[in-house]
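Here is what each chain is made of, one letter per residue.
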Amino acid sequence: MNGDWPRVLILHFSHPYTDIDMFAFLIRRLVQSTFVLFLMSLLVFLGVFAIGNPIDILISPQATQEDIRHTIEAFGLDKPLWLQYLIFLKGALLGNLGTSFVYGTPAVRLILERMPATFELAAFALTVTIIIGIPLGLWAGLRTNTLVDKTIMSVSTLGFSLPTFWVGLMFILVFAVKLGWLPSNGRGTTSELLGMQVSFLNMDGLRHMVLPGITLSLLNVAMVIRLTRAGTQEAMLQDYVRFARAKGLHDSRIVGVHVLKNIMIPIITVVALQFGSIIAFAIVTESIFAWPGMGKLIIDSIQMLDRPVIVAYLLMIVAMFILLNLLVDVLYSVLDPRVRINELKG
Amino acid sequence: MNTKKLRHVFQAIALTALACSFAGPAIAAELKVAMSSPPTSMDPHFYYASANANVSEHIFESLVKLDADSHIVAGLAESWKLVNERTWEFKLRKGVKFHDGSEMTAEDVIWSLDRPAMIVNSPGKMDVFTKEIIGKKIVDKYTVQLTTAQLYPLMPVDLVAILIVSKRATQGLSSDDFNQGKGMIGTGPFKFVSYSRDDRVELARNDAYWGQKPEWDKVTIRFIPNNATRMAALLSGDVQAIENVPTADLPQAKNNPKITIFSKVSQRTVYVYLDTRRSPSPFVTDKSGVLLVKSPLTNADVRRAISMAINRDAIKNRIMEGLAEPTNNMVPPTAFGYNPDLKVVKYDPDGAKKLMEKAGYKDGFAVTFHTPNNRYINDEKIAQVIAQNLSRIGIAVKVDASPMATYASRGAHHEYSMGLLGWGPIEASSPLRALLACEDAKKGYGTQNWSLYCNPAMMAPMEKALLTEDDAERSRLFQESMAVAINDGAVLPIHQQFTTWATQKGIVYIPRTDERTYAFDFRSH
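Same order as they appear, the protein sequences are chains A and B.
Residues in the first sequence are numbered consecutively from 1, following the working numbering.
Residues in the second sequence are numbered consecutively from 1, following the working numbering.
Note that these hints are calculated values from the structure, not bench results.
Honestly, I wouldn't trust all of these hints.
No farther apart than 27 Å at their CA atoms in a straight line, the calculated lysine-lysine pairs in the DSS-like style are these [what the hints assert, rightly or not]:
1. K178/A to K505/B
2. K213/B to K97/B
3. K81/B to K137/B
4. K81/B to K65/B
5. K178/A to K97/B
6. K264/B to K505/B
7. K178/A to K254/B
8. K79/A to K362/B
9. K91/B to K167/B
10. K79/A to K442/B
11. K254/B to K294/B
Just chain A, same shape as in the assembly (with noise of 0.2 Å):
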């Protein structure tokens, strides 16, 4: 077709890829993956460790030197640390990451539990990130020092540097408490999907998934409008793009599918790491919006020592930002043929 013209261009330059390649990059990929995840669980172990010991804040009052002594060794945490580590070991590789000090469930159970509210929390924020984000980037990219374009940095600078505790307060101040159009906290009611508790099928649900939605939108908003806008304003200025006008082509066509497609790959590479953070580390908002998400559960067991929940935690989130990482990966290559799969570092 014509109007794929530019696409051809590039196209020349690449080379196929085999099956071995992609191969290859997978092993290696899981060799490091591997080694970064016990890396990781020692580390929180030694952490941990050097911090106290829990039962020292968990046990009750009322208990004898001699119930500390029986409960610390329930717990086994009268073993030697690397005797500790190695049976921590061992139910892993059966696939068993403990039972949490203080709930007495699995830690695993407890993770999964919340899972369902913080992948929907952090999902409707990259859908407000994307929908508002790459708009207004492009218009701006388009539009370099005029009105709209000053407009739109300035207010985007606000997304970056107001802190995240500061702006969901204030939304629960003027949108809550002041106007009481939204809820101020909480996850409303919730519906169950395939066997998870989620909220965004009914209209409780996600009202209340509005005021935390977008705060924990509002810093990715930013960041993506100035991605979109520098790519755009780069792209504009390529050969390409004069060719594809010479060649008399819709300026919808040309920035909707050209530009596009072309300044896709940072934006990608930045929503996909942001939607790990936004999982990982969406502790301010959860606690702000008591939003029953892994974020609270995460400072809750730092704040009693709970050791396994933690340590599950952390490598249920670094295997999640390996995973994302290699999405990326594969992505690029999809967007751009020019890059191959198996020239990609780990």
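Dock chain B against chain A, hints included.
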């Protein structure tokens, strides 16, 4: 004709309004209340923590309960007495039904007393309250006898903590099963509906309750640890009541016509402990930072001087917004064993200076004051004020604040020379045994004796009291023991903090000394 029509319309409107006002209470019969800390389990025998007990006590009940002043009152047991020196007999209330309709009997009681010792994976097992019992006997369907190794007057106090579950419904269940809603069959004023960890518990009224039935058909308990968020939930009307109003928001909340504040002195005493035994003590130095060979804190005059130099009124008024009661006791005035002769130490920096001089520390010394910063109301700020106070009598105090997780671990290993702590007992035996008695692993004394205090003059009356059946005499002995320790500066009590609740106008709460927030104690009027 027109006027007639109009009148009809008005009548209709008036009638509708009337109907609405009658319908009002029915709509309002749902209560949403926000608590500040979430329970860790639904199993009432899993873990002794007030957050757990507070929720469980809506659904389950104990044989013996506490009233709003922390006095012991009848619960599922109608009466109890010592039948001989080593045997307590409890007469159960007849005709009490569990939520599944079955009757509560002696068998359920024995099962519930056995169960705490069988819990696995608990970080703080509740058998500390049942281990004095060496024999349990069912006399008849409504009578149980509990035997102890020696006379044990504290049995009713201990049993406040043990909630009665249905044997039939809970046999064979693990603690984790309760979290899925299994076995949640109690006798309490509310029935369990659902639980979402760290988020909410939903309850429904138990219409067959033996006592006063609560006003609310439905109750949602939300858990909102963040202070600002909890306050915002009340202001926006998402909940009708909250506990633990943040101190910073109190003045504003008091002036808000839409909100009512309730408060009551709590049984939690905040106090300072000093290393009374060791020389040198790890953080006691001269002013240039050299460890002192002989620790001044081992001198009772120095400890008394420190107590005199603390301005408790300033802490109450400037830090606590008036919501604290300065004290020189380890229990509140309403509690068993409170000693009215121990008067609040008067703020007297000059007298304190003289006492320091007498003890031979005219030029003072330096010490690090360790405090948690997330445990008690304004804990770190209180420590800062005390540090300033002490600088006036020549003691250079450095405040070192850390989260409770780190603080408690190091404290339990006696790493500190001076520190801040709180203790919330029902009666005087608890602080005496745990905080002041000489450390003794066999007897379980001095488990939290972070002052390393040990004084036979204090031990004698306490040990005698623990074997005294007569209430008046036992109380007198506790008072005597407490007076020895306090006058010796073993611990320096600062104040009993207040517990606060805030509700939307029109809802009242009966405030409690034991810091509990009970949905059934909220009323609309």
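Is K91/B close enough to K167/B, meaning Cα to Cα at most 27 Å?
With Cα atoms ~18 Å apart, K91/B and K167/B stay inside 27 Å; holds.
For a C-alpha distance cap of 27 Å, please report whether K81/B and K137/B respect it.
holds, 15 Å
Pair hint outcome, K178/A versus K254/B [Cα-Cα no greater than 27 Å]:
holds, 18 Å
27 Å Cα cutoff - pair K81/B, K65/B:
It holds: about 15 Å lies between the C-alpha atoms, which stays within 27 Å.
Is K79/A within 27 Å of K362/B, Cα to Cα?
violated, 49 Å
Satisfaction of hint between K97/B and K178/A, Cα-Cα up to 27 Å:
Judged against 27 Å, a Cα distance of about 46 Å means the pair is violated.
Given pair status - K97/B, K213/B, alpha carbons within 27 Å:
holds, 14 Å
Taking only the CA atoms, is the gap from K178/A to K505/B under or equal to 27 Å?
OK: K178/A and K505/B at ~17 Å, within 27 Å.
Keeping to a limit of 27 Å between CA atoms, is the pair of K254/B and K294/B held or broken?
Roughly 50 Å separates the two Cα atoms, so the pair is violated.
Below or equal to 27 Å on CA atoms is what counts here, so check K79/A against K442/B.
holds, 23 Å
Keeping to a limit of 27 Å between CA atoms, is the pair of K264/B and K505/B held or broken?
holds, 18 Å
Checked against the numbered hints given earlier, the structure breaks hints 5, 8, 11 and satisfies all the rest.
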